[in-house]
Amino acid sequence: MLKNNKSSAPFYTDVWFWVKLMVFVIFVLFLIWPFSSMITNAFASSKAEGFTFYNFNRFFTKKYYYGALWNSIGVSVVPTLLSVLLGVPMAYFMTRYNVWGKKVWHVLAILSLMSPPFLGAYAWIMLFGRAGSVTQFFLNHFGIQMPTIYGFGGISIVLTLKLYPYVYMYTSGAMESIDSSLEECAENLGSGKLRRFITITMPVVTPSIAAGALMVFMSALADFGTPMLLGGADFRTLPVLIYNEYFSEIGGNGNFASAVSIIIVIITLGMLLIQKLWVSRRNYVMSALRPPKEVEVHGFTRFLVTLVPFLITFFSFLPQLVVCVCSFQTTNYSSFTGGFTLDNYTGLGKRLWTAIRNTFTYSTVAIVFIVVIGILMSYAIVRKKGKTGGLLDLLLMAPYVIPGSVLGLCYIVTFNVKPLVLTGTAAIIIISYIIRKLPYTVRSASAFLMQMDPSVEEASINLGVPPMKTFWKVTARLMLPGVFSGAILSWVTCINELSCSIMLSTGKNNTLTIAAYTDIVRNSVGSGAALAAILTLTSSIILIAALRVTKGKIRV
Amino acid sequence: MEKIKKGVRLDHISKIYQDPKTGKDFYAVKDTSLEIEPGSFVTLLGPSGCGKTTTLRMIAGFESPDEGEIYLGEEPINELTPNKRDTAMVFQSYALLPHYNVFDNVAYGLKLRKVPKNEIKNRVLKILDLVELTGMEERMTNQLSGGQQQRVALARALVIEPSVLLFDEPLSNLDAKLRVSMRTEIRRIQQEVGITAIYVTHDQSEAMALSDKIIIMSKGVVAQMGTPQEIYYHPVSEFVADFIGEANFLKGRMIGKNGSNAVLEIEGNSLNVPDHDGMETGKDYTIVLRPEAASLADRGGMPCRVVLSCFMGSYQNYHVMVGNTLVKLEEHNPKNKRIYQVDETCSLVFDPESVHVL
Numbered sequence: 006m007l008k009n010n011k012s013s014a015p016f017y018t019d020v021w022f023w024v025k026l027m028v029f030v031i032f033v034l035f036l037i038w039p040f041s042s043m044i045t046n047a048f049a050s051s052k053a054e055g056f057t058f059y060n061f062n063r064f065f066t067k068k069y070y071y072g073a074l075w076n077s078i079g080v081s082v083v084p085t086l087l088s089v090l091l092g093v094p095m096a097y098f099m100t101r102y103n104v105w106g107k108k109v110w111h112v113l114a115i116l117s118l119m120s121p122p123f124l125g126a127y128a129w130i131m132l133f134g135r136a137g138s139v140t141q142f143f144l145n146h147f148g149i150q151m152p153t154i155y156g157f158g159g160i161s162i163v164l165t166l167k168l169y170p171y172v173y174m175y176t177s178g179a180m181e182s183i184d185s186s187l188e189e190c191a192e193n194l195g196s197g198k199l200r201r202f203i204t205i206t207m208p209v210v211t212p213s214i215a216a217g218a219l220m221v222f223m224s225a226l227a228d229f230g231t232p233m234l235l236g237g238a239d240f241r242t243l244p245v246l247i248y249n250e251y252f253s254e255i256g257g258n259g260n261f262a263s264a265v266s267i268i269i270v271i272i273t274l275g276m277l278l279i280q281k282l283w284v285s286r287r288n289y290v291m292s293a294l295r296p297p298k299e300v301e302v303h304g305f306t307r308f309l310v311t312l313v314p315f316l317i318t319f320f321s322f323l324p325q326l327v328v329c330v331c332s333f334q335t336t337n338y339s340s341f342t343g344g345f346t347l348d349n350y351t352g353l354g355k356r357l358w359t360a361i362r363n364t365f366t367y368s369t370v371a372i373v374f375i376v377v378i379g380i381l382m383s384y385a386i387v388r389k390k391g392k393t394g395g396l397l398d399l400l401l402m403a404p405y406v407i408p409g410s411v412l413g414l415c416y417i418v419t420f421n422v423k424p425l426v427l428t429g430t431a432a433i434i435i436i437s438y439i440i441r442k443l444p445y446t447v448r449s450a451s452a453f454l455m456q457m458d459p460s461v462e463e464a465s466i467n468l469g470v471p472p473m474k475t476f477w478k479v480t481a482r483l484m485l486p487g488v489f490s491g492a493i494l495s496w497v498t499c500i501n502e503l504s505c506s507i508m509l510s511t512g513k514n515n516t517l518t519i520a521a522y523t524d525i526v527r528n529s530v531g532s533g534a535a536l537a538a539i540l541t542l543t544s545s546i547i548l549i550a551a552l553r554v555t556k557g558k559i560r561v
Numbered sequence: 074m075e076k077i078k079k080g081v082r083l084d085h086i087s088k089i090y091q092d093p094k095t096g097k098d099f100y101a102v103k104d105t106s107l108e109i110e111p112g113s114f115v116t117l118l119g120p121s122g123c124g125k126t127t128t129l130r131m132i133a134g135f136e137s138p139d140e141g142e143i144y145l146g147e148e149p150i151n152e153l154t155p156n157k158r159d160t161a162m163v164f165q166s167y168a169l170l171p172h173y174n175v176f177d178n179v180a181y182g183l184k185l186r187k188v189p190k191n192e193i194k195n196r197v198l199k200i201l202d203l204v205e206l207t208g209m210e211e212r213m214t215n216q217l218s219g220g221q222q223q224r225v226a227l228a229r230a231l232v233i234e235p236s237v238l239l240f241d242e243p244l245s246n247l248d249a250k251l252r253v254s255m256r257t258e259i260r261r262i263q264q265e266v267g268i269t270a271i272y273v274t275h276d277q278s279e280a281m282a283l284s285d286k287i288i289i290m291s292k293g294v295v296a297q298m299g300t301p302q303e304i305y306y307h308p309v310s311e312f313v314a315d316f317i318g319e320a321n322f323l324k325g326r327m328i329g330k331n332g333s334n335a336v337l338e339i340e341g342n343s344l345n346v347p348d349h350d351g352m353e354t355g356k357d358y359t360i361v362l363r364p365e366a367a368s369l370a371d372r373g374g375m376p377c378r379v380v381l382s383c384f385m386g387s388y389q390n391y392h393v394m395v396g397n398t399l400v401k402l403e404e405h406n407p408k409n410k411r412i413y414q415v416d417e418t419c420s421l422v423f424d425p426e427s428v429h430v431l
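Those sequence lines, one after another, are chains A and B. The numbering of the first sequence is this note's numbering, which starts it at 6 and goes up by one. The numbering of the second sequence is this note's numbering, which starts it at 74 and goes up by one.
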């Protein structure tokens with residue numbers, strides 16, 4: 006077919022070609038290359054020549070190692086199921102009934118999801134640990150020995166209480182977008198309340214529940230701080246194993262840790278594919294012309310429907326309260342003694358300022374890059390899809406699939422040798438932030454962009470404003486609300502990032518999160534609590550301020 | 074506005090798209106040539122998917138033709154990006170900038186052109202006066218009604234004094250009454266400014282009311298171009314006849330000549346119709362009969378049977394069977410006329426001069 010295409014300019018004059026190229030270069034350099042170095046690394050060993058399965062053999066033959074695989078699967082599957090049990094009823098009550106203090110519970114759910122990753126474990130140790138206040142209280146007054154918080158059960162509970170908001174938020178989003186005529190239709194055809202819920206509401210929101218559950222599964226599997234604190238010596242998960250093995254292989258190349266990393270990535274990838282296959286056959290796109298009405302209940306019923314979100318958010322938010330209270334208590338090195346003091350804060354001295362400075366410098370530099378790349382990338386994905394748009398979309402999934410500790414290991418393996426030596430620098434921490442937290446901003450901005458009328462841009466161009474000028478003057482300007490809510494999530498999660506930066510930090514680069522975590526691990530509970538309190542307070546203030554500005558339009 | 078008016082010429086334009094499902098190429102617009110005269114109001118009319126919007130977007134520069142050349146006045150413009158073309162478009166969704174007020178929306182194109190501030194103000198106020206929005210300068214666009222937003226979009230396009238004004242179904246988001254009054258407005262403003270306008274719509278009454286010339290498109294090609302009268306009375310094909318207004322098609326064979334008339338046999342009746350060049354005895358022809366051109370009588374025309382009789386206020390709507398052909402007709406001002414009921418047999422009468430032979 007004849008196409009003279011004389012009006013289409015050569016590709017290299019198109020700005021978007023360069024934007025896409027830049028994004029690809031960034032991802033190739035800081036995701037694909039490190040990841041493939043790690044793969045080659047996993048098939049090498051100081052104990053064998055050339056290409057070898059030595060590491061995998063070792064993993065699958067020693068119970069010490071493959072036990073960690075089962076542990077990891079256990080503490081991912083159980084919190085996933087528990088999160089569905091908590092998140093779905095909470096979503097139902099919050100969207101369908103006039104629950105008291107609705108906004109408060111919603112904000113608390115977001116705050117616990119966005120809290121520092123070790124906070125829950127730490128607070129639960131403070132309450133229910135061997136020397137925990139609740140444990141001591143029951144032992145001294147009633148002579149009752151509380152069940153242990155350490156190990157499988159404790160980790161599952163802590164992860165559930167942190168991660169259930171994924172299920173709650175995805176599900177409530179879906180429940181709000183069911184057109185009420187659908188349920189009215191079922192009612193009109195003679196279907197009762199429960200039957201309606203089971204046959205209409207549930208099937209329609211199931212894909213969203215599954216999407217939320219997948220997020221819980223992947224986050225639980227990747228979680229490093231919780232099993233590290235609550236696992237003790239006997240209960241290891243894969244991310245803990247990666248960290249321990251790398252730092253115990255003195256002078257090693259991280260061969261074994263690389264092999265473990267590959268196993269963990271295969272699991273997350275598998276889950277993601279299963280979910281995608283399953284969802285693609287059950288995609289009910291809904292746009293509610295008439296969103297479902299809130300049922301007005303009174304008196305005791307209203308109390309009951311409020312009780313559900315109250316109890317769930319209370320227990321999930323409890324750790325942040327505990328940490329703040331603990332931070333003002335006097336300590337005798339590793340345990341709290343009761344009285345109130347500011348020593349925990351004043352005792353931090355210079356260390357505090359270094360940690361604060363690092364935290365804010367790194368996260369702010371990262372967020373500037375994230376916003377600029379995020380705006381350009383989401384535009385390229387939504388409006389200039391072309392042949393490579395799908396590939397960009399796929400690259401964005403990578404940070405969800407690759408746990409933080411794995412990416413950290415990838416970077417160590419790749420960037421401690423020439424040609425690009427970056428280990429020990431602040432730059433590598435910032436880069437890891439950018440790669441890992443970019444998706445929040447891109448997804449939020451793309452979702453916003455998809456609802457924007459493209460003819461607004463065309464109108465501007467048509468009136469004589471060149472395309473690139475139009476992009477910055479009109480499109481980027483109009484995308485800002487979407488970029489903002491995504492960037493806030495990117496920022497807060499950067500501030501709270503632990504699993505990747507702890508692999509990359511060399512002490513002088515410690516952020517608040519790393520400093521708090523190392524203090525807690527070293528049983529310096531007082532200063533740890535103070536640092537954690539500062540951290541959780543900072544995150545909460547940022548999130549609450551952002552929620553006010555956006556009128557609650559922040560979606561995780 | 075002292076500008077020289079410019080016309081638009083399309084020279085063998087084609088646009089090829091790929092079907093997203095089958096991956097096959099198809100012509101959205103195929104080998105289309107058009108000549109739009111300076112200062113005229115031309116409508117591109119057709120069903121959805123006929124290529125009318127693609128044609129308009131190629132003139133604006135948002136799509137580039139795969140074959141052929143587009144001229145604005147005497148200048149070929151294929152190579153020009155949309156922002157360098159002297160065209161201004163009014164979009165279906167208005168596409169107002171939501172972060173600007175009315176004044177800034179209208180001034181947007183002028184600011185880029187580095188027009189002095191005083192002049193911007195004068196020109197914007199003058200144009201807002203033309204579209205009757207004086208006093209609304211400070212309003213944000215979401216505080217305006219649909220019709221007012223439409224006027225802002227029109228003002229914004231007019232104020233940069235383009236050579237050609239493009240409309241992409243601008244009235245389809247308005248309610249029926251407003252649509253009628255806005256189209257009168259658009260025509261008035263176009264006449265006052267004397268600008269060349271190209272207007273895309275699928276609404277035939279809009280096309281009729283607005284246009285100097287109508288271009289009917291179907292499946293990527295121009296089916297007919299002409300004045301509203303030419304297109305209504307002398308459609309070149311069944312598609313055009315059916316698309317513009319209601320039409321009945323009566324099939325018949327030419328059985329001979331009667332002076333300057335041709336004699337057609339239709340459902341067992343013979344009918345004298347005006348002869349036109351090349352009509353041959355023995356060949357099959359279709360005549361186009363508009364519903365308002367026919368009426369029912371007790372005798373004197375083609376025998377028929379009433380199958381529907383329905384009072385519509387200003388007219389009585391009938392469906393009758395002439396042999397095996399269904400004919401729809403409208404008897405206007407039915408108050409004092411005899412109303413035929415369903416299953417009555419009567420006679421279909423019309424002036425043979427008022428039919429058109431295809």
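Since the hints were derived computationally from the structure, they do not count as laboratory data. Among the hints, a few may not be true.
Derived DSS-like pairs (lysine-lysine); straight-line CA-CA distance at most 27 Å [claimed, not checked]: (1) K478/A / K292/B; (2) K292/B / K330/B; (3) K392/A / K97/B; (4) K478/A / K184/B; (5) K286/B / K474/A; (6) K389/A / K356/B; (7) K392/A / K187/B.
Numbers of unmet hints, in rising order: 1, 2, 5, 6, 7
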